[in-house]
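Assemble the complex: chain E is given as a structure, and chain B with the ligands must be docked to it using the hints.
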Amino acid sequence: MKVAVCINHVPDTETKVKVGPDGLAIDKTGVNFMLSPYDEFAVEEGLRIREKFRGEVVAISLGPESHKETLRKALAMGADRAVLLKDEGVRDSCGVAAGLADELKSLAPDVILFGKQSIDYDDGQVGTLVAEMLGLPSVSVVVKMDIQDGKVVCDREIEGGHETVETKLPAVFTAQKGLNDPRYPSLKGIMAAKTKPIEEKAALPAAVRVAAIRMRKPAAKNPGRIIGTDKSAVAELVRLLHEEAKVI
Amino acid sequence: MKVLAFAEQRENKFKKSSLEAVQAARRLADSLGGTVVALVAGSGVEVIAAELGPYGANQVIAVDQPDLARYSSTACAKVIATVAEQQGAEIVVLSASQMGKDVAPRVAEKLKAGLAADCVALTMEDQVLVATRPVFAGKALLDVSITTPVKVYTLRPNVFTATPGSGVAAVEKISVALGAEDFGSVVIDAKVATGRPDVTEADMIVSGGRGMKGPEHFALVEQLADVLGAAVGASRAVVDAGWRPHSEQVGQTGKTVSPMLYIACGISGAVQHLAGMSSSRFIVAINKDKDAPIFQMADYGIVGDVFEVLPELTAQLKQALGR
Ligand SMILES: Cc1cc2nc3c(=O)[nH]c(=O)nc-3n(C[C@H](O)[C@H](O)[C@H](O)COP(=O)(O)OP(=O)(O)OC[C@H]3O[C@@H](n4cnc5c(N)ncnc54)[C@H](O)[C@@H]3O)c2cc1C
Ligand SMILES: Nc1ncnc2c1ncn2[C@@H]1O[C@H](COP(=O)(O)O)[C@@H](O)[C@H]1O
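These protein sequences, in sequence, are chains E and B.
The opening position of the first sequence corresponds to residue 1 in our numbering, with each subsequent residue numbered one higher.
The opening position of the second sequence corresponds to residue 1 in our numbering, with each subsequent residue numbered one higher.
Okay, chain E solo, but in the shape it has when bound (with noise of 0.2 Å):
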């Protein structure tokens, strides 16, 4: 079974986001970038469903060189060998599905993972338009996957509850949350990982669909008020909830 994990280099979630100059971005000085959360439980169950049925797992990442550090980590987690489709420009959603799906197209895997969303962008597209510039099923916000004959059973959240969803190789899954409990890369995964290769090619160029005009901080909240520091605050809460928030 040959596995393809696509991965990104994202800001880590302890960020505290401030416009950069261009005002389009985000200031990158002194910000930690760590593998997106929802790409490591996709890194996870590619290597549960090579250590169930041999073969490989390839991680990829498009992006400049610093996202080498991401597919390190999942090197160290235990991926076989690394993609760095290189480019240090601004893309798009749909400029990263289109570089990512010209490397899959001749890496031709049987499963291909993502995250279910970047932490960055919150953008949740990529996996799927990979699927659909592929010609691919796909099956997004997977929190269960069970392949058995080449068939897929996977479970993937809807809003208060679960649908199950079957499909055939190769297809495209999106990972949420719940999914697997991703390992702690070991000492030894660590060290592997330094000799594993990492195979760098400029990534095809794309077109530009959706275009920035500003990045901006939403509007300060009031500071609110403490109404109470015990139970005898409960009626101001239900008086004001009612008569100055209006929400009951």
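Errors might be hidden in some of the hints.
[To be verified] With a Cα cut of at most 25 Å, we get these calculated DSS-like pairs of lysine-lysine:
id: 1; chain 1: E; residue 1: K86; chain 2: E; residue 2: K68
id: 2; chain 1: B; residue 1: K110; chain 2: E; residue 2: K168
id: 3; chain 1: E; residue 1: K168; chain 2: B; residue 2: K213
[Said to hold, decoys possible] Footprint (simulated), chain B over chain E, 3 or more residues, beta carbon under 8 Å:
id: 4; segment: 24-38
id: 5; segment: 41-49
id: 6; segment: 64-71
id: 7; segment: 103-115
id: 8; segment: 150-160
id: 9; segment: 201-215
Hints listed in this document are in silico derivations from the structure and should not be mistaken for laboratory results.
Keep in mind the model is a prediction, meaning the values are calculated, not measured.
Ideal Cβ positions, reconstructed from N, Cα and C, are used throughout, including at glycine.
Structure of chain B with the ligands alone, referenced to chain E:
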């Protein structure tokens, strides 16, 4: 100029977020001088199609055929893209529901269109349609414009209005030819819990954190939620501890929510949690630590013990609301 709104239905019932999408399409059509075509797809859906008139559809197209009884992203995308092409729609609007998010990228690619996902506002700026999307789980907003001739938008549920008016829409039933190749993945079963609403769709959310001390005490959170008809939410700490299912997690690696009222009980207010709920209209925090960061974000705070405050709040609301 035509705006196509995809109105998702499950079990022949429109989702509130679909009605929001139809009404947002109406507003766009009004500012651009166009008409709204709403699309409903499924099996046996023709009978509900006319319900979209009051929300602003001029015309409703019902793709009503037995092979659409079970959802498939590929088949559904083909139906939407086919109708968009037949109608010459320049704008396609969907809800950013789980179905909308699943199908929209395929629709966009079929139409060679740009997709702005999970928008919270659509406004005209110098003749340009600007979509606002929260990024970094709401720590920032990104204004974008789509540069392709056809444009696709998904709208965050619960942000746009859905108020019925007196409009009437003509319903036209059509069919779209689908073959086995269009059903590459297909839903074979669905389990939806009845009862409490989902956090992404709820007008009100009562959320509990580690301050609830254990899964058994979430009964206090649930009781308050039930009096309000609210959803139950949770911090990651309690989801990771296995006290609550991850579908309830609010935050940067959980759900981003924007209800009218968010009540945080025993939640400290870590940046990752705040990111997911800061766009709530009114926030109430109950926490015994007066320095907890959640109070920076709360409109109304009670510095107190959840085990005393919650039962009192539930009792008083029960009385006030007559439930
Ligand atoms: C990569 C990453 C992603 C993350 N994503 C998320 C996310 O999506 N969502 C999320 O929520 N977190 C997320 N976190 C975790 C986040 O950093 C916090 O650890 C978490 O939100 C804390 O949950 P909590 O407020 O329930 O617990 P705590 O921080 O332990 O707070 C408990 C609070 O309860 C109060 N309390 C205790 N007893 C009582 C009582 N009897 N009455 C009243 N108050 C009481 C305490 O004063 C305290 O403020 C993420 C972290 C990382 C690293
Ligand atoms: N630059 C990238 N390189 C590789 N994979 C990516 C990249 N950006 C996004 N992805 C993948 O696509 C998923 C969805 O991303 P997005 O649509 O940007 O939210 C992520 O979880 C990753 O699996």
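Structure-based check of all given hints:
{"no.": "1", "hint": "K86/E <-> K68/E", "verdict": "holds (10 Å)"}
{"no.": "2", "hint": "K110/B <-> K168/E", "verdict": "holds (22 Å)"}
{"no.": "3", "hint": "K168/E <-> K213/B", "verdict": "violated (44 Å)"}
{"no.": "4", "hint": "24-38", "verdict": "holds (count 3)"}
{"no.": "5", "hint": "41-49", "verdict": "violated (count 0)"}
{"no.": "6", "hint": "64-71", "verdict": "violated (count 0)"}
{"no.": "7", "hint": "103-115", "verdict": "violated (count 0)"}
{"no.": "8", "hint": "150-160", "verdict": "holds (count 6)"}
{"no.": "9", "hint": "201-215", "verdict": "holds (count 8)"}
Checked against the numbered hints listed earlier, the structure breaks hints 3, 5, 6 and 7; every other hint is satisfied.
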